[in-house]
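A.B. asks: The chain contents come next:
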Amino acid sequence: MAYGHASSDIGQGASDGRDPIVDQIIRSGHQRQLTFRAQFAITWLILIVGIVYLLAGGRRGLDGDFIVEWFPFILGGAATTVAISGIAIVGAVVLAIFGAMGRLSVNPWINGTASLYVSLVRGTPLLVQIFFAYYALAEVGLVLPGIVAGTAALAFNYGAYMTEVFRAGIQAVPRGQREAARALGMRERVVFWRIVIPQAFRIVTPAIGNEFIAMLKDSSLVFVIGVGELLWRAQAAGRPNVRIFEALLVAALVYWILTIIFTLFQERLERRMARADR
Amino acid sequence: MPSLGEPVLNARGIEKYFGYNHVVRGLDLELRRHETVMLVGRSGSGKSTFLRCLNFLEEPTAGVVRIADIEVEADPLHDRSRRHQEHIRQLRMRVGMVFQDFNLFPHMTVLQNCIEAPMRVKGKSRAEAVEIAERYLNKVHLMDKRDEHPARLSGGQKQRAAIARALSMEPEVLMFDEPTSALDPELIGEVLKVMEDLAHEGATMIVVTHEMHFAREAADRVIFIDEGTLVEEGPPEQLLNSPQDPRTQRFLRRFLDSGASGAD
Numbered sequence: 001m002a003y004g005h006a007s008s009d010i011g012q013g014a015s016d017g018r019d020p021i022v023d024q025i026i027r028s029g030h031q032r033q034l035t036f037r038a039q040f041a042i043t044w045l046i047l048i049v050g051i052v053y054l055l056a057g058g059r060r061g062l063d064g065d066f067i068v069e070w071f072p073f074i075l076g077g078a079a080t081t082v083a084i085s086g087i088a089i090v091g092a093v094v095l096a097i098f099g100a101m102g103r104l105s106v107n108p109w110i111n112g113t114a115s116l117y118v119s120l121v122r123g124t125p126l127l128v129q130i131f132f133a134y135y136a137l138a139e140v141g142l143v144l145p146g147i148v149a150g151t152a153a154l155a156f157n158y159g160a161y162m163t164e165v166f167r168a169g170i171q172a173v174p175r176g177q178r179e180a181a182r183a184l185g186m187r188e189r190v191v192f193w194r195i196v197i198p199q200a201f202r203i204v205t206p207a208i209g210n211e212f213i214a215m216l217k218d219s220s221l222v223f224v225i226g227v228g229e230l231l232w233r234a235q236a237a238g239r240p241n242v243r244i245f246e247a248l249l250v251a252a253l254v255y256w257i258l259t260i261i262f263t264l265f266q267e268r269l270e271r272r273m274a275r276a277d278r
Numbered sequence: 001m002p003s004l005g006e007p008v009l010n011a012r013g014i015e016k017y018f019g020y021n022h023v024v025r026g027l028d029l030e031l032r033r034h035e036t037v038m039l040v041g042r043s044g045s046g047k048s049t050f051l052r053c054l055n056f057l058e059e060p061t062a063g064v065v066r067i068a069d070i071e072v073e074a075d076p077l078h079d080r081s082r083r084h085q086e087h088i089r090q091l092r093m094r095v096g097m098v099f100q101d102f103n104l105f106p107h108m109t110v111l112q113n114c115i116e117a118p119m120r121v122k123g124k125s126r127a128e129a130v131e132i133a134e135r136y137l138n139k140v141h142l143m144d145k146r147d148e149h150p151a152r153l154s155g156g157q158k159q160r161a162a163i164a165r166a167l168s169m170e171p172e173v174l175m176f177d178e179p180t181s182a183l184d185p186e187l188i189g190e191v192l193k194v195m196e197d198l199a200h201e202g203a204t205m206i207v208v209t210h211e212m213h214f215a216r217e218a219a220d221r222v223i224f225i226d227e228g229t230l231v232e233e234g235p236p237e238q239l240l241n242s243p244q245d246p247r248t249q250r251f252l253r254r255f256l257d258s259g260a261s262g263a264d
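Protein chains in written order, with my numbering: chain A, 1 to 278; chain B, 1 to 264.
With the rest of the complex left out, here is chain B (with noise of 0.2 Å):
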């Protein structure tokens, strides 16, 4: 594995409230480039939704995220304005997301689903969209389907197809939002092991998992967030063999008794 490299992302002080509700209180996150960073909590404890403020999909009511040379501060009161949306837009570009449930889209082909973005937002040639997909489809092992329609896939087929959608953008960072909880038991080994290898490969990732395995595996840092703070953070080893804080404890001996891996 890649030696860490320079911080490409850098999340300082977001919050969010739906309503009166305080989902995210004041977490910051610094993300170093070939770093893969897992945040694990329980379900409802903000750390998709904090994943989610990091491109604005979701606007936060304060902080800031930078992600390479882009910074965007939020801003609640204007996130509709143009010039505010053109921001977000050009931090977007070079952040890749990976959804729980795919949303491919599934009036185009897999292919299509792969180049579409990198020839609408980046103004890449349909060749050059091409050259880029295949290598990417290659590398999570689809090329026999570049030219199916997502319908036609299986689950973790669907998640694959998406990784090589967002990895088509050549994106700094890649965000992954429980990548296997909408898959069967059985096929969410494939996904994980693509992910797996793209962090292994040395690719900038945060994940949003309940897979604890899979933290054990690839995790340089694991996160453990609750009630939208940061709890306890540290590599995976000291978090999930010894954690510290009680809150911890408790999260990962319900983990380990119930034996769950996708429980969400």
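In isolation and in its complexed conformation, chain A is listed as follows (with noise of 0.2 Å):
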């Protein structure tokens, strides 16, 4: 809107000694850019409608009834999705917290407690770990529901890369403002509740926010041990019916848009942080 501006006071005329030329090259700098855009919207469009209709071509063509049917079904699974992500995504950010005071602890007991569980989670598969909340856990006795099991498998093996993502954070607080809280004589656990971990968690924020939009789709897994998310539900619509290509492409438009929601809310809210920070 600065350029339009502008432009207006250059048309004013020579008077304030700039050349008309600049108004002609900021327009069509604008032009430009406009142009960029609606080729860019047109590829996109041409690209999608292609692919899904190569898909859907060796085939009979799309089910529209189907999906029209099913649509709300499916959709409900969202709202598991979102639900699930967002306990297990708490439930990570408090494992990595201890996690990571654990990998800078210079207790060798606490030390490699932390450490073997980062190692063990990364080095296996969430699969199995999913797997391993919900069937082996059953059968040394402790009977998980299987959302319970699904969320708490999530939010352990988020945990664990997190741990690694908050120990950056922590890392990254400046030396200084822990030795200025101790010289004000705070103890330790103050030191670190008050002054390190608030500004640990705003360097860590969008990675937190990449995280979940990461979890909104991993938590796809849990839908092998029963759980009614977004898959399951697809799953669920589209067998019997025989429509799987249908509800599985309702399910992935889904999941996409999901992420494109998340990922502008996770954008406005670094800007309002760098903002902060001036």
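Hints were generated in silico from the structure; no laboratory data involved. None of these values were measured; they are calculated from a predicted model. Heads up, some of the hints might be wrong.
[What the hints assert, rightly or not] A partial selection of chain B residues facing chain A, derived with a Cβ cut-off under 7 Å:
no., residue
1, Arg83
2, Arg92
3, Asp101
4, Phe105
5, Thr109
6, Gln112
7, Ala117
For glycine and all other residues, C-beta sits at the position ideal for the given N, C-alpha and C.
Hints in hand, dock the two standalone chains.
C.D. replies: Below, the structure written as structure tokens:
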């Protein structure tokens, strides 16, 4: 908008010493930007229609009636997906804070425990962990409902990866912050929870956002233990009706939209935090 | 300026090694109430390390520090022991420290910076802590910035806020570690003015500085440190105008030649 304002100034003539060519350059820059956006959108449209057509082409085409009929049912799974991911990310953050404390601890027992946690979880597939939480724990007497086992496994898994994120975040808080807090007579616990963690949190907030968006998609794995989330519902709708392609298409679309929504949300959050730091 | 009172700080035989590097070599310091002492010397002379040893931000390799009623002896082999850490904490509650890089807490407003420690360390009520903090914010002329975050302050304002934060703990001794070295030249004056006022009002202060004019104005005693030892000390006029030791003379001559004020 500032451009438009500037060009109206120029329009008032050469009295202020500016050349009308400046106006033209700015306008043509605008024009180029608009053209780029339009062509970008058209490209997406062509590609998406093309991909869907090709995938469906070998067959009878898309069953529109099925999609219309089952869309609300499949979409209902998205609420479960978001809820599982939301609860699991909170659990993961808590685990990650304690994990990072452990990984930074000078106590070998604590450090060893935290390091083993990270190593074990990062060294095994998430799917194995989900099965483990559901079936293996049941065999030793801890019978968990699928949704609890699945959410716990996700939290446990992401907690390990985010332990390293939080560790880096804690280490990124300048040393002088801790020194200033200690010089005021604060106990180590106060230094950590009141001075270090709030600053580390700000540093890792963008990373938490990324992890959450990744988790939205990874949470689809819990369908294997019968949790009625987005993918499970798509399967449940598609299989009996032999419309698996349509069902998966709807599920994929919903995941995609969820990702876009939360990415936009995260970008806004990041911008707001960047402004707060000025 | 109030006349000097009883000794409030006494450090004896402070030594500090970093690895095999002997940085502080047996320094003693006694500070009396209302006294302002300035430590000067080249960068790398050990003066900042010595200051940091006094509140155990660096654990001295040897030596003992007493501030008011608390005495802590260096214990480098057990520096993480709970008992030792608690003694150090008691000592730190009696010393305020102002850093070169301010080290204000960026996630808190100026006022929160000033009340956090009084509330969580000294157990003051919020109202009490706010009252004290506002008194000192007034003193450093920052009352209008009390609800700002540090990121919105200029360097000089940040350092004045850091001084208010240290004062809000009502310490027996204030320590300054090159408080103007990170400031743009035009902002140095406002910080030195606040410190000068404090000195004249009878605060007990130790200042590591490169500001010789300031030392002349505000110090009761200037100590020249070189290679971790005390070379010469005396009233500012004497030490700065007619230094006895050749090392002091060389240091001051170079300083005046370069016209430097904050050459660190």
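A.B. asks: Each hint: holds or not?
C.D. replies: We went through each hint and held it up to the structure:
The interface hint given for B:Arg83 is broken, as the beta carbon of that residue sits about 14 Å from the closest beta carbon of chain A, more than 7 Å. Taken as an interface hint, B:Arg92 checks out: its beta carbon lies about 4 Å from the nearest beta carbon of chain A, inside 7 Å. Using the Cβ-Cβ criterion of 7 Å, the hint placing B:Asp101 at the interface with chain A is satisfied: the shortest such distance is roughly 5 Å. At about 6 Å, the closest approach between the beta carbon of B:Phe105 and any beta carbon in chain A falls short of 7 Å, and the interface hint on this residue holds.
Hint status for B:Thr109: violated, given a least beta-carbon distance of 12 Å to chain A, over 7 Å. Checking B:Gln112 against chain A by beta carbon gives a least distance of about 10 Å; that is not within 7 Å, so the hint is violated. Evaluation of the B:Ala117 hint against chain A yields a held restraint, the C-beta minimum of about 4 Å falling below 7 Å.
Checked against the numbered hints above, the structure violates hints 1, 5 and 6; every other hint is satisfied.
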